[in-house]
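The residues making up each chain are set out below.
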Amino acid sequence: MSVEPDLPGSRRHEHLRNFPPVSAWDHHVEYDAKAHPRKVPRSYMLIPTTCFNCESACGLLAYVDKDDLSVKKLEGNPAHPGSRGRNCAKGPATVNQLDDPERILYPLRRTGERGAGQWERVSWDDALNDIAGRIATAISEGRHEDVMYHVGRPGEDGFTERVLNTWGVDGHNTHTNICSAGARLGMSMWTGFDRPSADHANAKVILLLSSHLETGHYFNPHAQRIMEGKQSGAKLVVLDPRMSNTAAHADAWLAPWPGSEAAILLAVASYLLRTRRIDEPFLRRWLNWQTYLAELHPDAPQDFDTFLDRITADYAEFTFEFAADEAQVPVERIAEIAEIVADCDGRLSAHIWRAAAAGNLGGWQVARALWFVLALTGSIGGRGGTSPNGWHKFIPQGPNMPSHHEHWNELIWPREYPLATNELSFLLPHFLKEGRGKLDVYFSRVYNPIWTNPDGFTWIETLTDPDKIGLHVALTPTWSETAEFADYVLPMGHSSERHDTHSYETHAGKWLGFRQPVQRVAMDKLGEDYTDTRDANPGEVWEENEFWFELSWRIDPDGALGITKHFESPYRSGEKMTTDDYYRWMFEHSVPGLPEKAAEQGMTPLEYMRRYGVVEVDTDIYRVDERALTDDELADTTVDPNGVVRKPVTLDSVAPVFGEAGAVGVRHDDGDVTFGWPTPSRKLEVFSTAMRDWGQGEHATPGYIRSHVARSEIDLDAGELVLVPTFRLPTLIHTRSGNAKYLNEISNTHPVWLNSTDAARHGVRTDDLVRISTEIGYFVARVWVTEGIRPGVCALSHHMGRWRLHPGEGSRWVSGMVELSHPDGEHTWLLRHKGGVAPFDSSDPDSSRIDWTDPGVHQNLAFAVHPDPHSGMHCWLQKIRMEPARPEDRYGDVYVDTRRSAEVYREWLAKTTPALGPGGQRRPEFMMRPLAPTRRGYRTTETPE
Amino acid sequence: MRYGFAIDQNTCIGCHACTVACKTEHEVPVGQYRTWVKYVEQGEFPATTRDFGVMRCNHCTDAPCVTICPTQALFKRDDGIVDFDNERCIGCKACMQGCPYDAIYIDADTNTAAKCNFCAHRVDEGLEPACVVVCPTHSIWVGDLDDPESGIAKLVNQNPTQVRAPEQNTGPNVFYLGADRAVLDPTAAPTGDSYLWARPDEHRRDVSRDLPTDPVTKARTTLNTAHPRPWGWRVTTYLWTKAVGAGAMFLAALAHLLGIDLDVVGDIVAPALGVAGIGITGALLVWDLKRPERFLYILLKPNPRSWMFWGAIVLAAGAALFTAWLALGVLETTGVLTADPAYDWLAVPALVAAAMTAGYTGFLFGQAEGRDLWQSPLLFWHLIVQAVMVGAGALALAAIGTGLGAGATTLLLAALTLGTLGHLLMVLFEFLGRHTSKQAAMAAHMVTHGRYARLFWTGGIGLAALAAAIAGLGWATASLLIAAVAGLLVQAALLIYESVFVRAGQDVPLS
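Just so you know, the sequences run in chain order Y and E.
Each residue of the first sequence is one higher than the one before, counting from 1 in UniProt numbering.
Each residue of the second sequence is one higher than the one before, counting from 1 in UniProt numbering.
Rather than coming from a laboratory, the hints here were simulated on the basis of the structure.
This structure is a prediction, so every number in the text was calculated from the model and none was measured.
Among the hints, erroneous ones may be present.
[As the list claims (entries may be wrong)] Dumping the calculated BS3-like pairs for lysine-lysine here, alpha-carbon to alpha-carbon at most 25 Å:
(1) K438/E to K34/Y
(2) K38/E to K438/E
(3) K438/E to K39/Y
(4) K597/Y to K647/Y
(5) K39/Y to K301/E
(6) K290/E to K34/Y
(7) K34/Y to K301/E
(8) K433/Y to K525/Y
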């Protein structure tokens with residue numbers, strides 16, 4: 001008899017509870033809502049899984065009908081410590097995605113030209129053999145880098161990296177440099193970690209350069225805790241040029257000119273320094289202030305007080321007046337925010353992820369300036385403050401782990417961007433066009449670069465060129481603009497149709513979530529037979545993990561390449577690993593505390609995870625930097641001159657996820673030896689030696705880089721404005737949610753937000769069409785005059801502008817049919833809609849009730865690539881020129897000249913200074929790198945210049 | 001036991017999770033909502049604000065939808081939940097007129113009324129409603145408001161709260177904490193030309209142009225849902241067909257009681273108009289049902305508090321009495337019998353039936369608590385006056401060439417003239433006088449100064465005034481021919497007036 005556990009998300013309103021008790025999850029009887037008030041009982045199995053929409057990975061509880069194994073609905077999972085049984089709109093809408101009459105049910109192979117819309121159904125066997133054969137040939141010919149896996153959001157920490165390591169392929173490409181690489185660099189330089197984990201619930205001041213009450217990582221879990229913090233008296237400060245729903249709840253909303261955020265934060269830092277409202281003991285112990293003094297003030301006395309005096313003087317130029325001028329806001333507002341922050345008592349929880357850090361040239365300095373403020377107020381790592389994600393995230397390991405590869409793929413990690421935290425993925429088509437390489441097999445996995453990335457027409461030109469890309473395999477649950485140009489479209493499961501694990505820093509705890517294909521689990525419980533997840537999913541929809549197992553096995557059928565052994569069952573020698581084997585081993589061996597928790601309930605670890613879908617690994621995690629090292633950690637160590645405690649390493653060593661290979665801690669002046677930070681100094685780096693060592697010494701300390709869209713760059717009278725093209729809605733998520741009808745009916749258009757003063761200057765009113773010109777072309781959009789955005793800035797939301805070239809190749813819930821033409825030569829492209837969204841007949845009567853018409857404007861097509869020369873982040877904000885639409889313009893038109901695209905690419909590339917670091921290192925070892933090679937892989941044989 | 005919701009707008013983030021969780025729980029068709037989130041923005045940059053409001057059924061203590069529902073498809077449970085049984089619903093949409101909160105819609109799958117029912121199927125199993133479970137910020141509280149120890153009762157009792165439309169005295173059981181007035185008051189924030197990420201429906205856009213914008217806050221609704229008018233041309237037309245038939249019979253019965261002989265006009269034409277009027281009225285009413293095959297439920301599963309039910313009784317009684325009158329007329333005209341004694345028996349009941357046939361709609365509209373324009377205590381009498389006007393007009397037309405006696409002619413022409421004048425005076429009194437509520441005043445303003453002004457003043461008032469003048473001339477000259485022109489004009493005038501009255505009554509937003 002199992003014990004009824006106390007779940008983090010269970011709640012009561014007197015005799016009403018929010019979830020059926022766990023003991024009823026295998027047999028829960030619920031009355032049919034539609035037959036009510038007649039009592040018609042339905043029997044369900046409640047099976048936990050994970051939301052697949054945004055990255056938060058909130059828990060879901062699927063109601064699987066025992067009669068036909070259909071998923072009736074999805075609620076939250078009360079066992080989940082992050083989401084605590086609650087969800088945003090996108091959680092319950094998952095059922096729309098499962099039931100979408102337009103989803104892809106069978107593997108498809110292209111029969112005509114790429115993008116010509118001709119497909120045939122193909123067996124999984126044929127597809128697997130074809131793909132495996134090509135990969136096997138590439139590997140055996142030593143062309144490892146001709147294989148690339150390009151993922152939007154990495155699905156499961158380490159899983160695909162493990163697969164690629166077995167292949168010896170440095171081919172893991174992600175979307176991160178169009179997402180968060182700016183904030184990651186700013187934070188990495190300070191802490192060695194690349195993401196913040198804000199303890200909003202316990203904060204005194206919550207400072208957001210984000211919109212976490214409506215979107216972002218991690219919207220629902222963070223929104224819960226921001227509101228808890230506010231209810232407990234925390235002040236909420238929001239910086240956003242647009243009034244977001246988050247700003248609507250702010251105690252202080254500041255709408256600065258885009259790109260001025262670092263100046264504002266440095267002005268706050270300067271205020272804190274000159275008024276000495278700083279946490280001196282914290283700074284003395286944890287900042288690498290000695291390096292700061294030695295590098296910048298070598299002739300001054302090398303003591304802490306001098307450091308404070310000198311750094312105060314160094315930042316004195318960042319006055320409130322300077323910030324106010326950059327931000328184009330009243331100086332009193334800057335002072336007001338500085339005062340609120342100064343009053344935080346070491347409990348400042350702050351977050352930046354995309355927003356300003358992803359919008360601006362030098363945006364990475366925004367995150368860096370923010371961590372400067374966090375450090376000065378002593379808000380790093382403590383209760384109510386801001387910690388690094390690495391403390392609050394748990395990454396398990398699977399069985400038969402391969403050793404790391406020693407390749408370096410310069411198509412992904414080019415020489416020009418040694419400090420980019422992530423892959424220069426959005427430059428891939430330009431790199432291929434330049435002849436830097438070619439791809440034999442290219443996987444796009446739930447990723448839609450033609451739509452999502454800037455300069456989509458250049459992507460189309462590249463994806464349709466067989467000399468650049470030999471075989472393009474799209475792994476996706478739904479049609480996308482990118483899948484239209486693929487050679488294979490292989491249907492993969494939605495949220496509740498696949499396995500994986502997730503762990504995210506939603507709060508000051510640590511959990512591991514387990515996604516599972518709920519119908520398959522139900523079949524298990526009912527004793528029904530199946531071979532793999534395809535037998536449980538609709539049509540022949542599969543899951544990726546089983547696909548990778550099978551593909552790897554077929555790449556190396558006789559084991560000669562040394563791949564297959566990593567895909568053998570740890571429990572049945574010589575047999576192919578199943579997902580049950582994989583996760584059973586992981587949960588038995590790699591998750592601390594899980595076997596014990598399971599045993600308490602009389603379960604195996606795998607049974608526990610299948611029951612609860614999650615395990616809480618730890619709670620109330622603070623100040624890990626102060627953790628004393630264990631004897632194991634201290635064994636065999638030496639202390640280097642900077643106090644870093646190190647174990648010996650070789651060129652075959654591999655850096656851990658965070659930090660340098662071998663570095664385990666730091667010895668303080670008082671003799672304490674603690675874990676510290678995974679930076680080169682194991683301290684918080686106010687002076688970054690990595691920036692110095694990789695030729696970017698002028699940015700070794702937090703600073704302000706004037707944005708490409710700074711006020712001084714924009715001539716309002718000439719019709720110029722700044723365009724914010726990235727803001728998101730609470731109800732949609734990138735291109736994943738297009739097939740969720742209950743989301744589309746709420747959000748189905750995206751006008752250009754334009755302040756009334758700008759509208760008056762341009763002589764436009766709400767619903768007028770305008771032509772918005774960028775560096776490489778233009779698009780035509782519709783105006784909404786609003787007081788919800790600052791003057792000089794306009795904004796057009798993300799998510800919309802979906803299209804399809806051929807019937808059946810896109811979701812009719814959300815996309816419009818378009819025509820692509822070349823009005824001024826092959827290098828010019830015009831996308832024009834042939835009709836909007838309209839009702840259609842399907843097995844779902846709701847498809848005939850569509851009352852929205854707008855497919856939106858695919859603005860990203862008209863954006864050139866803007867790689868930040870330091871972080872490699874695409875700088876999303878656009879300097880545009882607005883004018884009334886011309887007679888030949890139609891709503892939704894997008895025109896681009898890809899020769900101009902190439903020119904702009906080269907202009908931005910020219911801002912970089914390619915550099916190798918000490919010892920010919922391509923990149924600092926302490927910086928996190930997906931699919932990291934051995935230390936040998938980091939080093940060229942060349943000598944540094 | 002009184003279940004209710006408390007919605008904390010201090011912490012609501014406007015994320016629509018409640019909206020979607022509700023939709024998946026109940027499989028609500030696209031375009032329809034049992035709960036939704038409204039956005040209102042106010043002020044000028046940088047002093048801009050955005051407020052959210054979660055809209056839904058208020059599970060009123062005195063629920064007007066329950067009162068007006070003719071078949072008890074909507075009902076109040078002992079635990080306070082206002083629930084519904086779609087197997088009883090005939091789709092008359094009266095509940096949508098009764099509800100002052102825009103909470104009810106006709107489900108596109110079942111063609112029956114639906115709304116938030118507190119997830120009664122879950123509550124019966126001890127589970128919270130789906131919207132409560134999903135809410136990321138726990139902004140929706142649920143529980144027994146009568147239990148002072150319950151969390152919701154403490155929340156409501158210890159904090160300032162508001163309800164929607166308190167002036168309707170429905171006893172709403174959804175309490176708002178920290179809501180902005182402009183969110184809860186549906187007339188305080190007109191809709192602009194666009195929402196922030198959806199399009200307002202045409203109807204709301206048009207109506208909003210007639211709503212005043214607060215000169216200080218400039219409050220505007222930037223996200224909301226569509227609520228098309230439940231009743232359209234069929235209801236407008238039924239008000240006319242009913243008035244003609246009832247008015248004609250009213251005059252025939254009155255003439256008999258006054259001892260005036262209307263001859264064939266009173267014996268045949270009037271009851272024929274009465275029977276036809278009620279017949280067409282009935283046909284229009286059944287046609288207007290979303291589940292017309294269930295029309296008999298009105299009589300088989302009746303709600304004795306509903307004037308929809310009593311209306312059916314009145315129409316049935318009227319149909320029977322008018323048919324009897326017609327039968328007598330036929331028998332007498334064909335010489336089969338002398339019917340005078342029977343007329344003596346029938347006259348008073350027929351007079352009452354005619355008056356009630358014309359006037360009962362006044363009581364039905366009175367139960368339409370969501371439509372303040374229709375709430376006038378004069379409406380019952382006004383409908384009778386209108387019936388006299390168009391009934392007399394129709395009889396005047398029919399009487400041409402019948403050689404009607406002088407007394408009979410005078411009766412018809414006086415009734416036409418005075419009926420039309422009476423209608424005009426009552427309309428002007430209703431629309432130009434003081435209104436009992438802001439909502440009624442806004443509807444009246446739309447009629448007299450807004451989107452209906454031209455139609456109202458030319459077609460509704462101008463035409464009727466012209467008819468009154470012509471009828472008066474006919475009366476003065478004892479000319480049926482002249483009066484017949486007026487008789488025609490008043491039909492058009494009433495149709496136009498009713499179309500304005502019915503539409504404007506439903507135009508003022510309730511959410």
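Now the hints, each set against the structure:
Simply put, K438/E and K34/Y have alpha-carbon atoms about 38 Å apart, too far for the 25 Å limit, and the pair is violated. For the proposed pair K38/E and K438/E, the alpha carbon gap of about 21 Å is at most 25 Å, so the pair holds. A hinted pair counts as satisfied when its Cα atoms are at most 25 Å apart, and K438/E with K39/Y does not qualify at roughly 43 Å. A threshold of 25 Å between alpha carbons decides the hint, and for K597/Y with K647/Y the separation of about 34 Å lies outside it, so the pair is violated.
At most 25 Å may separate the alpha-carbon atoms for a hinted pair to count; K39/Y and K301/E meet this at roughly 20 Å. Restraint check for K290/E and K34/Y: the C-alpha separation of about 18 Å stays at or below 25 Å, so the hint holds. For a cut-off of 25 Å, the pair hint linking K34/Y to K301/E stands: about 21 Å separates their Cα positions. Proposed proximity of K433/Y and K525/Y is contradicted: the alpha carbons are some 53 Å apart, above 25 Å.
The earlier numbered hints that this structure contradicts are 1, 3, 4, 8.
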